[in-house]
Amino acid sequence: MAYSGHRGLTRIIKAAGYSWKGLSSTFKHEAAFRQELMAMLILVPLALWLGDTGLERALLLGSLLLVLIVELLNSSVEAAIDRIGEELHPLSARAKDMGSAAVFLAIAHAVVVWMLVLWG
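With full-length UniProt numbering, the residue at position 104 of the sequence shown is 104, and numbering never jumps.
Keep in mind the hints are simulated off the structure, nothing from the lab. Owing to the predicted nature of the structure, the values given are computational and were not obtained by experimental measurement. Any given hint could be a false lead.
[To be verified] Dumping the calculated SDA-like pairs for lysine to any residue here, alpha-carbon to alpha-carbon at most 25 Å:
id	residue 1	residue 2
1	K14	T26
2	K21	L66
3	K21	M40
Work out the full structure: start from the sequences and follow the hints.
Structure follows, in structure tokens:
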């Protein structure tokens, strides 16, 4: 993308708009992202209730936020690969599998954090 020339507050507002567009697009096109957001409706209040200290609440919430961040990155990789072409290619499959593995590890991380905070 070419340099837009926007500076200061205008650049921040434009960037926020692009971020919102990315979140909206992911919500619209990615079932996994919607499912994770539905889980967040339960888990975020639970994290705020179960965390005894600010640090515990931050760890619980941060682990959930990490899952969404990694899902966004995975979805962007998948979209870029699909843009290149729909034909099957070993490198495309590898990239998509790696993105899926990253989401899996983020979810596993969240589970471990929750177990350590709640029962550790």
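Verification of the supplied hints:
1. K14 - T26: holds, 18 Å
2. K21 - L66: Cα-Cα ~19 Å, so holds.
3. K21 - M40: It holds: about 20 Å lies between the C-alpha atoms, which stays within 25 Å.
Hint violations for this structure: none, all hints satisfied.
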